[in-house]
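Peer 1: Using the hints provided, position chains B and C relative to the given structure of chain A.
Residue numbers (the numbering used here), protein chains in the order written: chain A, 2 to 361; chain B, 17 to 304; chain C, 447 to 1030.
The set of hints was computed from the structure by calculation and includes no laboratory data. It cannot be assumed that every hint is accurate.
[Claimed, not checked] Calculated pairs, DSS-like style, for lysine-lysine (alpha carbon to alpha carbon, straight line, at most 25 angstroms):
#1 B:297 x C:733
#2 A:253 x C:575
#3 B:193 x B:298
#4 C:595 x C:665
#5 A:253 x B:133
#6 C:595 x C:575
#7 A:253 x B:297
#8 C:976 x C:1007
#9 B:298 x C:897
#10 C:1007 x C:727
#11 B:193 x B:133
#12 A:110 x A:141
#13 C:733 x C:1007
[Stated by the list, open to error] One side of the interface only, derived from the structure: several residues of chain C facing chain B at Cβ under 10 angstroms:
#14 767
#15 829
#16 831
#17 838
#18 911
#19 915
#20 1002
Backbone N, C-alpha and C fix where the C-beta goes; we use that ideal spot for every residue, glycine too.
Take a look at the letters that make up each chain.
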Amino acid sequence: MSTFNNVTGLLPKGARNDGAGSTAGGGPGGAASQPGRRPPRPNNLVTSPGLRRAAGRLLTAVGVVWAAATFTFLIQALLPGDRATLLLNQLAGQVQQRTAAELAPINAKYGFDDPLIVQYFRFLADLATGNLGVSYQLHKPVTEVIGDQVGPTIGLTFASLLVAWLISAVVIVGTARRSRAVSSVASGLEAVAAGLPQYWLGVILLVVFALNLGWFPVVGGSGLAGLVLPALTLGIPLAGFLGQVTRTEFEKGMDQPFALSARMRGMGDTGVRLRHVLRHSVLPGVTLSGWALGSLFSGAVIAESIFSRPGLGKVLVTAVNSRDLPVVCGIVILIAAIYVLANLLVDIAYTLIDPRLKNS
Amino acid sequence: MSTSTLNPSANVPAAAWQRLREVPLLPAVAAAVVLFFVLAALTPHLLTSRDPFAIDLPNALQAPSLAHPFGTDQSGRDLYTRVVYGTRESLLIGLGATGLSMAIAVVLGVVSGLGGKIFDGLINRSLEVLFAFPVLLLAMLFVTVYGPSVTTQIVAVGLGTAPGYARMIRGQVLAVKNSGYVEAAHALGHSRWTVLRQHVFPNAMRPLVAVVTLGIGQSIVWASGLAFLGLGVAPPSPEWGALLDAGRMFITRAWWLEVMPGLAIVAIALAATVLGHHLQKKLEGARS
Amino acid sequence: MTATLEQTATAGTVRQELLNVRNLDVSFSAGRGRNARLNHVVKGVDLRLAAGECLAIVGESGSGKSVTARTLVGLPGANAAVQAERLELAGHQIGTLGERQWRQLRGRDIGFVLQDALVSLDPLRPVGKEIEEALRLHGWGNRRSRAAKAVELLASVGVPQPELRAGQRPDELSGGLRQRALIASAIALDPRILIADEPTTALDVTVQAQILELLGRMKERGTGIVLISHDLSVVATLADHVAVMQGGSIVEQGPARHVLYHPQHEYTQALLDAIPSEHTKGTPLTKDGRARITATSRRPRTARPADAPPVLRAEGLVKSYQGHDGAVRTVVDDVSFELRAGETLGIVGESGSGKSTTAKIALAMLEPDAGRVLLDGAAWTGISTAARRSRRRSVTVVYQDPLSSFDPRWNAERILLDAISRRDFPGEAERAARVLELAGQVGLQVEHLAKHPLQLSGGQRQRLAIARALAPEPEVIVLDEAVSALDVSVQAQVLDLLTDLQQELGLSYLFISHDLGVIHHMSDRVLVMKDGRAVEQGSAEDVFNRPRHPYTRELLASLPKLGLAPGQRTPAAAATPTIGGSSS
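Next up, chain A with everything else stripped away, as it sits in the complex (with noise of 0.2 angstroms):
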């Protein structure tokens, strides 16, 4: 059992398989039973463990996006400066002081005047109705400049997360556990993509495959072909985060008595390394994609800016630049909402890879 506490240990606790004596305390890890211990209780709809589980996670989720927003909303209503001036200055481009005559319509308009509660409130109400207010800068609802814009960057984010995984997992099952030589090479590269900074990989595959070689095209493209080296951008130092944390459990799996069994039964070692020990090896990558994803959102702001790719990147980067706070606010509770739904996907995936999980 010990063995195996090395992969368990990053699960919740019911999920491992302790000796009775040994699961002392039931610390806050969520709902959970333990199979064939006792008679387990009346599976009516409240008790279920799966459903008051989903039910749980579902309030988890929407707790971390509410937090998110008061933070958001924090940062607006406490920012240094007076709102209503810097919607002013924002609108006539110019810096200055502004007359309370000035400012009182702004402020009844945008109901500045009111107290924070209220506010809040009312924030709370128009997030609920999917309003984020208007950017300061371009006089349109926040959704609709998102909405604008978010379609490349999402296919952006999915296509980089695609090209990580695809490079670590042949990476991987191509040199973990080979030849001393093959395998600190290949951990080695792994570190090295890890520790690359977006913009410069970026800048090195933009002058060295479309500006000299010409392959992919400079500016934009929306196609296929103008999607590639953005992607390889991000995807290539996130696939060598999966592959370091992949390689570790990978190596374990390859050290389990289950892969000598399997190679026992007659099964060659590749077999062995595709149907048993890399389904072993993907949890923790599985669990980093969830919050990679939301990385990648918005590390797409770099990418998009060199490849001078459409996107909400522009979008961000300009509004940060001229201090569109509901742009940017906007932004950030959009990011929160995909990284709570990516981890909700992720624990979908998580249940599916190791089965173990589902009862816990």
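Peer 2: Positioned in the frame of chain A, the structure of chains B and C alone reads:
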């Protein structure tokens, strides 16, 4: 330990050479890289004879050559010199951000790991929320509010990277707290404080050396990423991120303006990674 | 390819020879460059096995028995070099096989069963799929017929409700069922040879008996079995031939009854003597121990006065945990016991019986939900931590895994210094002297003190743990599976050491173990636990010889026995003094 038992006196230089040979190559190279940058930060004039701000328009946008190993920028300034002179600020940003991030992380991680259910739950939930903000995004949000500056850059990157470290330290504290040797120490009748002081803190904080080393490299990468987007130190400065930002306009004409400063960042980040992993391995080796 | 393999098979006689190994050498290259060296782990091994027989390879860890077994299926491990004069298995010359030919052989002609099916079967897949995989790899049947065959195989190894079980994962099955499933996957294609590497080591004794019986039935059906084990008594129930390995070589080989009952080689004798059991009670297990007794004519182990005052007294202990599903599991249920001064109370039970939780409560590391523990007549549980702290030094503990109980930053000396009271030994010199004294008491050398636990051997680590437990001059030492992870000869040394220390220092032991032999050997009185309850309690004599509770009887019946006392072996070490009966 070596073969020199027969004639120890004759083998002193040989033994020294042997010891030197046992130093792994990669960490040695990494240490040399770090040393170079530390030198550049402290005494840049020793590494270059030029002036980082001397404008020389006739020689603008020269490709790398013997005279200008990193090429020149749009004002004809020597890029190598600018990179050398930019080291100090870049390293300070990296160190500052890592320091801030670690300080926050240690406090949160230790309080969470030792503070019992309520604190742990509270901090853990907050970290969960902070994880929803990618580092870059949190930093950008921060820049939006306070405007771009060195301080903003340090604080933004420090805050952005803190949750990850906090969670790691919490895990470390919990692992040590639940370890067999802490139980054994309690069984011997040592007080709670003695156990914390003798076992929990030193063992939980031990991996931090490696983590901090890794972290400095990553902080420089994040900070220069912000600068690349025009959200960091303003361009006339030779800070590496600022160099990247300035070079972005000329990318189709003068690739070296992006690639060379980036090379410095990559070099220090990789050196930090190699050293960090090396330390990690050494610490783990002593453990299991 | 298959055809050529078939052709090389020799025609079977009545008792077809399945295995013929002569002068097998296996070595591993380790290190690189200047540090490169060759580890010679198997040296000149000869083995033979006929159909329907069982050959047992016995040895302690590092003896080379597992490498030998794995070499027989062509998987000795990375960087291994194999040499042999003769290497025949099931009619194939396996010395020259390529990887493709090996793969045809494995699973079809040779089955291999590893220890602990929880990790030896893929934990993420239903056991049925693993069995089907064995069939699929050798092109047996189609998807549907394979599924049916898997169910059939599970039924044949004695798994009830095989259709249901085939769809379950190893973690959903009990230890015995999943070990059966593992065996089913290894014998799916009815191989002529089954190699079983410690097949029962992770199992409780009652389950172990069932698995041994299953292997016995396969032997009767004509399968040749190679059984790898560290446990001579397990081997005794199954083996026809026994080969004893030490340091890579076979030191003794022959028919089981010869090797086990008339051992010729010194090592075999020592190994057999080292097994604690009913017959060894009151006698040292090692030669050194016996020599020590005759040399110093130490006072033999005396029967304890029955009226000695109890040092530790547990009354009606109850401990439950709430599972994650809200269900409450009672881990310790109304357990009471008394530990008298200078005696050993053995607590025996299978995994999950609650014995370790009971130990934790006795150590006051865990508060019971109900009941209480008294130390020297005063409350020991249910009091404040501060009130307990001054008395902590009266009860110390030795764990199963000493390594994790030592701070990795400390060397042995620092570990001992930490355990020495600063009040009793105020001066630095006094403490240094005390460290040396403790090391001497447990048989550690001075050079060991500078080492970190990681650099010590398993036996040395456990000695260090014992020294640490002695340091506060306790009345009671709780030994929680303290010898379970050790090789039998090292275990014997540690058990002898514990017996000596008890006599010397008048210690009381709360001795927790799953091993009935060890408990019988060590204990004055015994408490048998099952599912959190104390099912039987009494003197070791009564519990082992006149068990009242059916569970105790079942446990004792499952215990594989060599069946003979060391004294009955010939030519055993004739000088073995039996001291148990000659007291006073």
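Peer 1: Taking the hints in turn, state whether each one holds.
Peer 2: Structure-based check of all given hints:
1. B:297 x C:733: It is violated: about 43 angstroms lies between the C-alpha atoms, which goes past 25 angstroms.
2. A:253 x C:575: Roughly 22 angstroms separates the two Cα atoms, so the pair holds.
3. B:193 x B:298: Distance of about 22 angstroms is within 25 angstroms: holds.
4. C:595 x C:665: Between residue 595 of chain C and residue 665 of chain C the Cα gap is close to 21 angstroms, so the pair holds against 25 angstroms.
5. A:253 x B:133: 33 angstroms, violated
6. C:595 x C:575: 11 angstroms, holds
7. A:253 x B:297: 17 angstroms, holds
8. C:976 x C:1007: It holds: about 22 angstroms lies between the C-alpha atoms, which stays within 25 angstroms.
9. B:298 x C:897: 17 angstroms, holds
10. C:1007 x C:727: 15 angstroms, holds
11. B:193 x B:133: 14 angstroms, holds
12. A:110 x A:141: 15 angstroms, holds
13. C:733 x C:1007: OK: residue 733 of chain C and residue 1007 of chain C at ~22 angstroms, within 25 angstroms.
14. 767: Constraint on residue 767 of chain C not satisfied, violated at 16 angstroms.
15. 829: Residue 829 of chain C check fails; min Cβ-Cβ to chain B is 14 angstroms, beyond 10 angstroms.
16. 831: Nearest chain B Cβ about 8 angstroms off; hint holds.
17. 838: 3 angstroms, holds
18. 911: 8 angstroms, holds
19. 915: 9 angstroms, holds
20. 1002: At 32 angstroms from the nearest chain B Cβ, residue 1002 of chain C fails the 10 angstroms test, so the hint is violated.
The structure shown violates the earlier hints numbered 1, 5, 14, 15, 20.
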